[in-house]
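Number of protein chains: 2
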Amino acid sequence: MAVKAQVLYSFTAEPGNNELSVQEGETLTLLNQSVGGGWIEAQNSRGQTGLVPEDYIQGVNGSDAWEAHSTENCDSTQQQALAYQGSIDDDEWDDESDDGKSTGGYTWSQSEEGGGTMQRGTGHHTMKISLNKVFSKTPNPEVFLLTKHMVKENDRLPIYMGEVGPVWLYPQTQLDCVVADPKKGTKMYGLKSYIEYQITPNSTNRPVNHRYKHFDWLYERLMEKFGCAFPIPCLPDKQVTGRFEDEFIKMRMERLQGWMSRLCRHPVVANSEVFQLFLTYTDEKDWKIGKRKAEKDETVGVMVFTTMDPEIRELDPTEVEQKCETFSRFTRSMDDRVKDLLSVGHLHWKRCTGPLQKEYQRIGKAFQNLSSVFNTSGYQGEATLTEALTATGKTYEEIAEICAGQPKKDLHFLMETNSEYKGLLGCFPDIIGVHKAAIEKVKEADRLVAMNKIGPQDKHTMAKNLSTMSYALQAEMNHFHSNRIYDYNRVMQLYLQEQVQFYETIVGKLKQALSQYTTF
Amino acid sequence: MAVKAQVLYSFTAEPGNNELSVQEGETLTLLNQSVGGGWIEAQNSRGQTGLVPEDYIQGVNGSDAWEAHSTENCDSTQQQALAYQGSIDDDEWDDESDDGKSTGGYTWSQSEEGGGTMQRGTGHHTMKISLNKVFSKTPNPEVFLLTKHMVKENDRLPIYMGEVGPVWLYPQTQLDCVVADPKKGTKMYGLKSYIEYQITPNSTNRPVNHRYKHFDWLYERLMEKFGCAFPIPCLPDKQVTGRFEDEFIKMRMERLQGWMSRLCRHPVVANSEVFQLFLTYTDEKDWKIGKRKAEKDETVGVMVFTTMDPEIRELDPTEVEQKCETFSRFTRSMDDRVKDLLSVGHLHWKRCTGPLQKEYQRIGKAFQNLSSVFNTSGYQGEATLTEALTATGKTYEEIAEICAGQPKKDLHFLMETNSEYKGLLGCFPDIIGVHKAAIEKVKEADRLVAMNKIGPQDKHTMAKNLSTMSYALQAEMNHFHSNRIYDYNRVMQLYLQEQVQFYETIVGKLKQALSQYTTF
Chain A
1 MAVKAQVLYS
11 FTAEPGNNEL
21 SVQEGETLTL
31 LNQSVGGGWI
41 EAQNSRGQTG
51 LVPEDYIQGV
61 NGSDAWEAHS
71 TENCDSTQQQ
81 ALAYQGSIDD
91 DEWDDESDDG
101 KSTGGYTWSQ
111 SEEGGGTMQR
121 GTGHHTMKIS
131 LNKVFSKTPN
141 PEVFLLTKHM
151 VKENDRLPIY
161 MGEVGPVWLY
171 PQTQLDCVVA
181 DPKKGTKMYG
191 LKSYIEYQIT
201 PNSTNRPVNH
211 RYKHFDWLYE
221 RLMEKFGCAF
231 PIPCLPDKQV
241 TGRFEDEFIK
251 MRMERLQGWM
261 SRLCRHPVVA
271 NSEVFQLFLT
281 YTDEKDWKIG
291 KRKAEKDETV
301 GVMVFTTMDP
311 EIRELDPTEV
321 EQKCETFSRF
331 TRSMDDRVKD
341 LLSVGHLHWK
351 RCTGPLQKEY
361 QRIGKAFQNL
371 SSVFNTSGYQ
381 GEATLTEALT
391 ATGKTYEEIA
401 EICAGQPKKD
411 LHFLMETNSE
421 YKGLLGCFPD
431 IIGVHKAAIE
441 KVKEADRLVA
451 MNKIGPQDKH
461 TMAKNLSTMS
471 YALQAEMNHF
481 HSNRIYDYNR
491 VMQLYLQEQV
501 QFYETIVGKL
511 KQALSQYTTF
Chain B
1 MAVKAQVLYS
11 FTAEPGNNEL
21 SVQEGETLTL
31 LNQSVGGGWI
41 EAQNSRGQTG
51 LVPEDYIQGV
61 NGSDAWEAHS
71 TENCDSTQQQ
81 ALAYQGSIDD
91 DEWDDESDDG
101 KSTGGYTWSQ
111 SEEGGGTMQR
121 GTGHHTMKIS
131 LNKVFSKTPN
141 PEVFLLTKHM
151 VKENDRLPIY
161 MGEVGPVWLY
171 PQTQLDCVVA
181 DPKKGTKMYG
191 LKSYIEYQIT
201 PNSTNRPVNH
211 RYKHFDWLYE
221 RLMEKFGCAF
231 PIPCLPDKQV
241 TGRFEDEFIK
251 MRMERLQGWM
261 SRLCRHPVVA
271 NSEVFQLFLT
281 YTDEKDWKIG
291 KRKAEKDETV
301 GVMVFTTMDP
311 EIRELDPTEV
321 EQKCETFSRF
331 TRSMDDRVKD
341 LLSVGHLHWK
351 RCTGPLQKEY
361 QRIGKAFQNL
371 SSVFNTSGYQ
381 GEATLTEALT
391 ATGKTYEEIA
401 EICAGQPKKD
411 LHFLMETNSE
421 YKGLLGCFPD
431 IIGVHKAAIE
441 KVKEADRLVA
451 MNKIGPQDKH
461 TMAKNLSTMS
471 YALQAEMNHF
481 HSNRIYDYNR
491 VMQLYLQEQV
501 QFYETIVGKL
511 KQALSQYTTF
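Just so you know, the sequences run in chain order A and B.
Read in this note's numbering, the first sequence has 228 at position 228, and its numbers run on one by one without any break.
Read in this note's numbering, the second sequence has 258 at position 258, and its numbers run on one by one without any break.
Chain A with its partners taken away, still in its complex shape:
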């Protein structure tokens, strides 16, 4: 089967170099991916063939970690088919078909819009299943709204009035954990292999081991239980980002760490039984019992609101609606801006590792070539200039490499953070959808009372429960804002610090080159 790829960045062939000019967005057929030196032989739709830089093509070079990340999202309607096949992995749920044997190979395939060439192996789409289980489109909040709940003290999730408004109860010591030490394990007499990560929470300081499929299981449970109330961050994609196992494992671990840390920071999630089980189970038996219990948990979906207990005056539905509108507007706008930033960053990454690197290389080469000619003049007193010119040329070649390597040092983290937020923000339409459906139900209450479908007391219960939902949303938004400010403040500083260092490095190198010239 012909391998297709899409052109990410327009490229103009240099005459006489067997290069192929391509336009952004064009689809190419890959003829030879093992040309080497960063080149791929490809054919365009007009039948012309030639070499194209592999960095300019999507579906070929997977070394840009954030790129695959940027195609990752929790939106099940948008499955991008960058499939990793036959690698060391354990995506399947069924224990019996658990682990694909490592072949070290990989396949990229680009699904055309509406096309049927999508390859996702046998892994199911977790999010889709969770949604199907819990919601039918927007989950119906009615069952919760009519509940006269008495919260069991153990399950109780208090909401307090803090300085910034309603807030969850935050623990004295914040939970965190370290994900480390990925180890290859085998089963079925070595026929199947998998990676096991070690997770050490700061609460017990005792490591537990988990495979990717356990993270996936946890994600599913959290979506089921809290998906109506909190944005549950997407699990790092199964889709691969690097062509080398080590790189892939490292990147997945980095992202699992980010995922776990974010969940640890959420006071409700962190304190939940299922999350605690994941972090602190003592042995295989403990784990299995805990798993079965969690899967039987009935306080899931909209019913999670029954455990929430705002110790604040009840809000009237108008206030609830106003708050909801504010959050809806904010999350939608932020989602747009985050996507903009990701797309700008994407382009910038491509520029740095593509045309800009090439250009500085050319500048460096041009200076060195001039120096070589000067060297042949036979004129005495030439040496200082030719040496300085050569050094300048080499400096620009170094700058080319620094440029190309820079995105991994700064843009990477900016992209990772924004990708995480894109994932979180993608959860809000559902959360706000449930909330709005509840508001509509409460608006209908008078009519329902008149029709004798509910009693007057039920109407009061509904309003009270809506108020609870609203406090939960407010507490969640305050949690989101506080984390957002922390995260962006941190990542922007990191970005700027690395940018400063980048330019300072260049300054240092240029000064060094400059010092080699004769001063008259």
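Possibly wrong hints are sitting among the right ones.
Identical copies go unnamed one by one, so any copy, or any two together, can satisfy a pair.
What the hints assert, rightly or not - Mimicking BS3-like on lysine-lysine, the simulated pairs with C-alpha atoms at most 27 Å apart in a straight line are: (1) K409 - K511; (2) K408 - K509; (3) K152 - K296; (4) K339 - K365.
Just so you know, the hints here were simulated from the structure itself, not pulled from any lab data.
Please arrange chain B on chain A, whose structure you already have, making use of the hints.
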């Protein structure tokens, strides 16, 4: 008539912005050049229309000074038609049709290869005329080779053995001059206007005035007199580089200054009667008499070698040939490398003022937009982050402008110097051609003696004269090398200094932005 332009740099349209994707090298028809904001409305060969950044197109934006310069060369077969018409100028030789009236307008026209749309006004091509007058293809050195010359002491151009080999006699004080104070003059009761420059040599410290056509006249005389022996730098092109008069005049003055300074540095040219006349004529009458005398000078073309007097042992023809080969190889190689550097610089200039500027603007905008959304959160304690993010965004917008403005500060001078050298190197094929023709003649001498076409004494004279030519070429090459080392040393330092300052400015700005974030 439809105005055509060529695409310098591939550009990918953003969807929904009425932009047009174009490929480097593509020819466009310009539909509307006054769209504003750096955009031009254009149509491609497939009939698609849309907006294209004007910086991406050649023949539209003339503000890149070096670009017109880079099309300038002394090769009359390569007349690039970027014609400036109807401006304040005085290109014509005939005094009666001297000055075009200023209209302030200009026309760019791009001549297709072999096409006939070239517009050069009524100005003739100086170089062509000079060559036709003096040479027929390669000037025949025979007339000089057979001359038993007795150098008149006044005209005598001694060649000494210096540390680096044969050298011209350099004066104690190097001549230099300042070209300044361009003034608009009028004639014919104000119907015609011209620009007069003031030239002040350091020898007399007394300013003289000259119009462009006088420089042109001087160039023609120098080509006639010295063109067989020295590379006479091209006169700054008549072709315009800026769309505004002031910019054009400033650029021309800068280049006339460079041209004069280079001639002043040449000991033979600087000391020549015609050059001295140009710099030190006392009044209109003096100028007119001097002009007439110079035009009647018969020691021109190959006969200039009759004035050269090497005070060194005679070289045998084999040595002459070896030297000539060395210089031929060097000048050809350097010509290639200089052209490479110009083309790399050209691309880099376009990158800085085009895609790179745009990209930093987008990055800046993305940060600012994110900040604007954050600002609407209603969450307290937001201000520090939003202010810092806005500042960061503005910083990247500033970096965009710094990037776009940088080539004028550093690349410009590198390009100007290389353009000058491209012009000089373009003269060597003719100089070396005359030299090689002389070598061939001397090789034939034995046969000519046998055929009784020349006497044995003539053969001796020819060998002696060839030796003189060789010393002249060697002295000239040594002059060239010494100037080259000086020029490149200077321009590279300037380039690197400005590059260092550029990156340091960015570091400063980024540090400033960084300092606005909260440190936890």
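Status of the hints after comparison with the structure:
no.: 1; hint: K409 - K511; result: both (23 Å within a copy, 17 Å between copies)
no.: 2; hint: K408 - K509; result: both (20 Å within a copy, 22 Å between copies)
no.: 3; hint: K152 - K296; result: within (17 Å within a copy, 116 Å between copies)
no.: 4; hint: K339 - K365; result: between (38 Å within a copy, 13 Å between copies)
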